[in-house]
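Going down the list, the sequences are from chains A and B. Everything in the first sequence is counted per the numbering used here, starting at -2 for the first residue and increasing by one. Everything in the second sequence is counted per the numbering used here, starting at -2 for the first residue and increasing by one.
It is worth saying that the hints were derived from the structure and are not from the lab. Where a beta carbon is used, it is the ideal one built from N, C-alpha and C, also for glycine. No false leads were slipped in.
Mimicking EDC-like on lysine to aspartate or glutamate, the simulated pairs with C-alpha atoms at most 16 Å apart in a straight line are:
1) Lys228/A - Glu258/A
2) Lys485/A - Glu248/B
3) Lys485/B - Glu248/A
If the Cβ cut is set under 8 Å, some of the chain B residues that face chain A in the computed set are:
4) Tyr18
5) Thr21
6) Met22
7) Ser83
8) Arg171
9) Ala173
10) Ser195
11) Thr210
12) Lys228
13) Asp231
14) Gly275
15) Tyr332
16) Arg486
Protein chains: 2
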Amino acid sequence: MSDTPLSSLYRPSLTLLTDLYQLTMAYGYWRQGMQDREAVFHLYFRKAPFNGGYAVAAGLAYAVDWLENLRFSEEDLAYLGSLRGSKGGVMFEQGFLDYLRDLRFTCDVDAVAEGTVVFGNEPLMRIQGPLLQAQLVETALLTLVNFQTLIATKAARIREAVGPNDQILEFGLRRAQGFDGGLSATRAAYLGGADGTSNVLAGQQFGIPVRGTHAHSWVMAFEGEEEAFDKYADAFPDDSVFLVDTYDTLEGVRNAIKVAERLRERGHELGGIRLDSGDLTYLSVQARQLLDAAGFPKVRIVASNDLDEQLVTALKLEGARIDTWGIGTKLVTAYDQPALGGVYKLAAMKKADNSGWDYTIKLSEQLAKTSIPGILQIRRFYHDGKPVADMLYNSAEPLPEQLTIVDPLDPTRRRPVQTTKYRELLEPVFRQGKRVLELPTLAESRQRAREEVTSLDPSTRRFLNPHTYPVGLERGLHEFRTQLILEKRPQRPA
Amino acid sequence: MSDTPLSSLYRPSLTLLTDLYQLTMAYGYWRQGMQDREAVFHLYFRKAPFNGGYAVAAGLAYAVDWLENLRFSEEDLAYLGSLRGSKGGVMFEQGFLDYLRDLRFTCDVDAVAEGTVVFGNEPLMRIQGPLLQAQLVETALLTLVNFQTLIATKAARIREAVGPNDQILEFGLRRAQGFDGGLSATRAAYLGGADGTSNVLAGQQFGIPVRGTHAHSWVMAFEGEEEAFDKYADAFPDDSVFLVDTYDTLEGVRNAIKVAERLRERGHELGGIRLDSGDLTYLSVQARQLLDAAGFPKVRIVASNDLDEQLVTALKLEGARIDTWGIGTKLVTAYDQPALGGVYKLAAMKKADNSGWDYTIKLSEQLAKTSIPGILQIRRFYHDGKPVADMLYNSAEPLPEQLTIVDPLDPTRRRPVQTTKYRELLEPVFRQGKRVLELPTLAESRQRAREEVTSLDPSTRRFLNPHTYPVGLERGLHEFRTQLILEKRPQRPA
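So here's chain A without its partners, still in its complex pose (with noise of 0.2 Å):
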């Protein structure tokens, strides 16, 4: 089990994980001797991902560990040096791979923390600090906290759709993309509401619980299907679910409770039975009638295949006597929204002579793909012990008396804010580059995660269309974009 995720398990530098894109631009700063000028990165998404009401934040420890270990290796060096442009000169000056040599992270970085419910437009990470630096470090951050975040948000829908009591089984490794695409992908899940995992490196890695059962392949290697679930009770008498579909299900089910008798003779007890394929409905609901009527209710139903919430839901609804749901596919690659587009926006620049902040916009011609210029914090108000709104403000401006927020997409739909209980949501993780929060443990993530997700409105939580919760922007900071996106978008005749 280990803290440093990236780290424990990858050698030491995986700094060159980035867009050269992030190097040129260095390497211009560096020209134009702007490298320290401070600037203020933000990462947010736009929208929450599968058509939700909500995000739950995640990738944040893998974030802070490649923070951590960020340092150019002589190997990297000398491929950085390697490189030529199209008219075969290098592509980077000697004094420029010094200076990445001697590079060390010395940015202030503030982050939401993992298991926090978020919504579009909302920060999850504030990076300030040397513009060169700030703007080196984003293809890393959004590939590691996008990525997270969509799984976390992904199973906290599976276990919204399966309730509070059932478990949920992530076995989705082999459909993973890409074996880290698997290892952090379970440790999202875990963070957003499975309860355990078939994957054992990450059970290695995370303590995640371990759980398994065997493949249709064990059945077809005994000459029979009895014979086969007695061997494997040789092996696990207080832990076997028999995989029941290889030939026929129900005949499964017979072949199991057979199994589960003889157990019982040698004062051991069946664990489950496992339903991989056909009309789950109906054969969970057969499976328990067989179970029950042979004195077996306590033994589990587990079914698996290609479930996501969507399907839990409607089998929920046909009466499918489930009550541990294994989940691969569909949640390991969040199926139905594979990427959360999560992006990273500079918002803020120190003038040459540091006597204050220019604000900066990046334009569009949609107004929610318009960036939010300043220095952000996010507050979250609360009544009686629920969020009721989200605060977007300029945290280097004074806020006024009366707090009003403005819905970015529609000015005229305004709140004044009338609770006085809130919670600021980015905290400090770095400070000039050293790390100052103990992260939780996964747990605790993980139950943060479930707080969060229960403590909104149902309404926001259903699957179609969910009410929207309320993330404005404070109205200064709302009066100050407009006036901005005026100033830099050029003014054409009709």
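Please arrange chain B on chain A, whose structure you already have, making use of the hints.
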């Protein structure tokens, strides 16, 4: 650059990259004394991804690396020894852990070379050897081969859409599924048809050409866009590609032209401009006109923004003037089908007395999901140098003189084989655990992929309702399989 993609980057032992059930089955076989019974497994998918007509095999180099480093470390054994069953007893007894400590991979492995075009039901890998070992490797092989085959296929389709002359740059790292989801995706994308990548780690590890432009933040870090372009050109006078849509795209093109003119005065040429939002057809046509009119017909137009093969095809049809395609999220996550459903099925076991083979089959309600018994080889027949049909046959049985292939989904569809030109796709990779195959370089596999895809009939290569390339069972194998299904399926009265 490395031929050992996993072990050079990751800590040596990734042996626990597996599902727990591989270990519980291993324990069961060991308890039954069945660990060394010879078994044959096939790794295959049932249906080409993206509703396409073919797939491009990839991932073998990773799989080989993983197999060559298969070894349980003391740390692994300590973890396995720490696992407990529901009654609190150890999951695995000490004798089994000692067995694992000494375990060395001794199987034979045959595989289809990376870059080969493959179809549903064709084994990409065949593992033959001691049952326990051949089962144990299932998960890792699936994880490593499923994903890279998926991405190489996606890249090959995008290559088909852009045509042979345009450039494809893979830009997906930030939205990849974990960092290895990015790294191995970049490898597979290059193998399948991309020309370069933004992913620096992939450049270092695999020698893939790295390319990049700059971010919007580069423009935002300066007073104005023109200044930003000037400063970038100062760093890369012969290799600048300007991102022109930070504030207003066509204004950005005009600014790029001003800087290109100044570059030319100093003896340099602007490389390109990049469009990253808006109507790419309209903007690329306008940009081309502006550039051409200003005397810059060779400045390339790079476009990006959630592109995939369908969108590229549409843009081409609409007359977009794009010559370099930046493809990110949709490529590295295979967005429209983010998992290949590869499976790993037991197909034969030596009889306990070693007197011959018992062939095994996994039944399913759907014939398409019923496995194929035998020790399979794929024979690809050619006519005039083009592949015309593939035959799966049991290499342990003699072949008749007149070959006939039978469609596994519709046995009334049969074809006599009339050509004598063929090649066998599965080639020896390991013999008794020792690697016997010198793996091709990534560049060679990439070359092979392109040749293989272009050797297919256009009707098989098209995106919409592609023609089904004929893959059949050798008639003897078909008849044997039918008999085995009838034997294994319980006969219920109608």
